[in-house]
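**Student:** Sequence:
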Amino acid sequence: MNDHEVNVGILGLGTVGTGVAKILLTQSGLLKTRSDLNFKLKAIAEINWNVKRDLNLDGIQCLTDAKQLIADPEIDIVVETIGGYEPAFSFISEALCNRKHVVTANKALIATRGRELFKIAKENGVGLLFEASVGGGIPIIKGLREGLVANKIESIYGILNGTSNYILTRMHQDGLEFEEALKEAQVKGFAEADPTLDVGGGDAAHKLTILGSLATSSTLDFDSLYVEGITPITKLDINFAKSFGFTIKLLAIFRALENGLDLRVHPTLIPNTHLLAAVNNELNAIFVKGDFVGNTMFYGPGAGERPTGSAIVSDIVDLSKGLLLKEGEPSSYLSIDPERRMELAPINAIKNRFYLRFFTYDKPGVLSKISGILGERGISISSMVQLETHEKDNYVPIVLLTHKASEEAMEEALREIDQFDFVKDKGLRLRLF
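Counting in the numbering used here, the sequence shown runs from 3 upward without gaps.
Calculated from the structure, these hints are not laboratory results.
C-beta: ideal position from N, C-alpha, C; glycine also.
One or more hints might be untrue.
Here are the simulated lysine-lysine pairs, DSSO-like style, with alpha carbons at most 27 Å apart [what the hints assert, rightly or not]:
1. K426 / K371
2. K69 / K124
3. K244 / K428
4. K44 / K428
5. K323 / K371
6. K154 / K185
7. K34 / K121
8. K44 / K244
9. K42 / K323
10. K365 / K353
11. K44 / K124
12. K237 / K428
13. K69 / K44
14. K190 / K124
15. K144 / K54
16. K190 / K154
17. K69 / K54
18. K44 / K54
19. K34 / K44
20. K69 / K121
Pairwise CB distance ranges (calculated) [stated by the list, open to error]:
21. D223 / K69: 27 to 37 Å
22. K154 / R417: 34 to 44 Å
23. T17 / N40: 24 to 34 Å
With these hints in hand, go ahead and build the complete structure from the sequences.
**Tutor:** Rendered as structure tokens:
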């Protein structure tokens, strides 16, 4: 970096990369005023230059070879917006080894291979920032890393996936079934053609792994998280939740327990009185509790060209200010220690309240048998609803809310209940907030 000028190179010019380029090209005056730095978009590497983009790239190197951009000695910061695992991992690794700072929005890569990348960054004395990897334009990473630095993080509850939240909102507000809401989300561009990562909970789990790592200054094992998606939820479940005073959301949960960390993603019945219950459509929200600050909430758009681009540029500015303060010497900027590991508490040891839904054939003694199995395992019922028999199929939905019980006891009870001949389909289990 010379004369307070920062040269930036972008890998990938899709939705996110375009957003970053637009900000660097159109907001240069604002960035100069607020940072006392000049930011120059020096080069972009993109394999498909045939796509029409609303960008004036005069004076910018338009490359097809990412390695050429990474090797450029004049580039200070490399922005990776390719996504996926490869070649993104190789490009980021190479840039870090070339002692270039890196900014990325790649949540899957940070969640699953972050330990390797943070180690490379640390060894080379450079920064790897990833504000845009969680919550799009919401400054949650900086909030945990800086704003809440004086706090031990006791819990995080987040609505982290806009696709799932949009689907559940439409089911709740407009009475759509899951498949109807999913198709609408795909038409509007809120869901991918293959929505598995979103509706299956994987995307939220990637983001939760990152938040949990920041909260503990350690690297967590993504594969150890307990993850459930929203595909089994029906309009009937939404309506039952309403009748009990709850809204169903796909919730990412982090809790610091005495016996380890509790990290899980699953549909959750949230009381309508809680702020998270009112977070609708494609918006995200993260509820963070620190031991000194108490409860805080971060809210806003979780994806998109402009919000994600905004978050990436904030990382670019942060890294550049550090370069200026260090008089050109690179600094690690690491808030996650790649050598520090934390264990997750086993899901079976966690206690929750539960929502249970069974479709049963109309026979005498059904409810007493179900409640008997639950009672044998110390699971007590707090509320119960049983609708009239469905005339065509001769079955009836039974819904129960329980008091707190262990996951292990509930798993055993459900396994036995599902074997009864009067149970039409496998029972559904959801947790209460």
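**Student:** All hints are to be evaluated individually against the structure, with a verdict given for each.
**Tutor:** Quick rundown of the hints versus the structure:
Restraint check for K426 and K371: satisfied, since their Cα atoms lie roughly 15 Å apart, inside the 27 Å limit. Distance hint between K69 and K124 is fulfilled; the C-alpha atoms sit about 22 Å from each other, no more than 27 Å. Proximity of K244 to K428 is assessed by CA-CA distance (about 22 Å); at most 27 Å being required, the pair is judged to hold. Between K44 and K428, the direct Cα distance comes to roughly 57 Å. Violation of the 27 Å bound is thereby established for this hinted pair.
Distance hint between K323 and K371 is unfulfilled; the C-alpha atoms sit about 66 Å from each other, more than 27 Å. Taking the CA atoms of K154 and K185, the gap is about 42 Å. The hint is violated against a cut of 27 Å. Note on K34 and K121: the hinted pairing is violated, with a Cα-Cα distance of about 32 Å set against a maximum of 27 Å. Note on K44 and K244: the hinted pairing is violated, with a Cα-Cα distance of about 54 Å set against a maximum of 27 Å.
Under the criterion of a C-alpha separation no larger than 27 Å, the hint pairing K42 with K323 is consistent with the structure, at around 15 Å. Taking the CA atoms of K365 and K353, the gap is about 32 Å. The hint is violated against a cut of 27 Å. Distance restraint check for K44 and K124: the Cα-Cα separation of roughly 26 Å lies within the 27 Å cut-off, and the hinted pair is therefore satisfied. Distance check on the hinted pair: K237 and K428 sit about 17 Å apart at the alpha-carbon level, within 27 Å; holds.
The suggested pairing of K69 with K44 holds, with an alpha-carbon distance near 15 Å, which does not exceed 27 Å. Distance check on the hinted pair: K190 and K124 sit about 42 Å apart at the alpha-carbon level, beyond 27 Å; violated. At most 27 Å may separate the alpha-carbon atoms for a hinted pair to count; K144 and K54 exceed this at roughly 34 Å. Distance check on the hinted pair: K190 and K154 sit about 40 Å apart at the alpha-carbon level, beyond 27 Å; violated.
Of the pairs offered as hints, the one joining K69 and K54 holds, with about 24 Å between alpha carbons and a cut-off of 27 Å not exceeded. Only pairs whose Cα atoms come within 27 Å are accepted, and K44 paired with K54 is accepted, the gap being roughly 20 Å. This hinted pair checks out: K34 and K44 have alpha carbons roughly 17 Å apart, not beyond 27 Å. With a C-alpha separation of about 21 Å, the suggested pairing of K69 with K121 holds against the 27 Å cut-off.
A beta carbon spacing of about 31 Å between D223 and K69 agrees with the range 27 to 37 Å that was offered as a hint. Separated by about 38 Å at the C-beta atoms, K154 and R417 satisfy the suggested range of 34 to 44 Å. At roughly 26 Å, the beta-carbon separation of T17 and N40 lies within the given 24 to 34 Å, and the hint holds.
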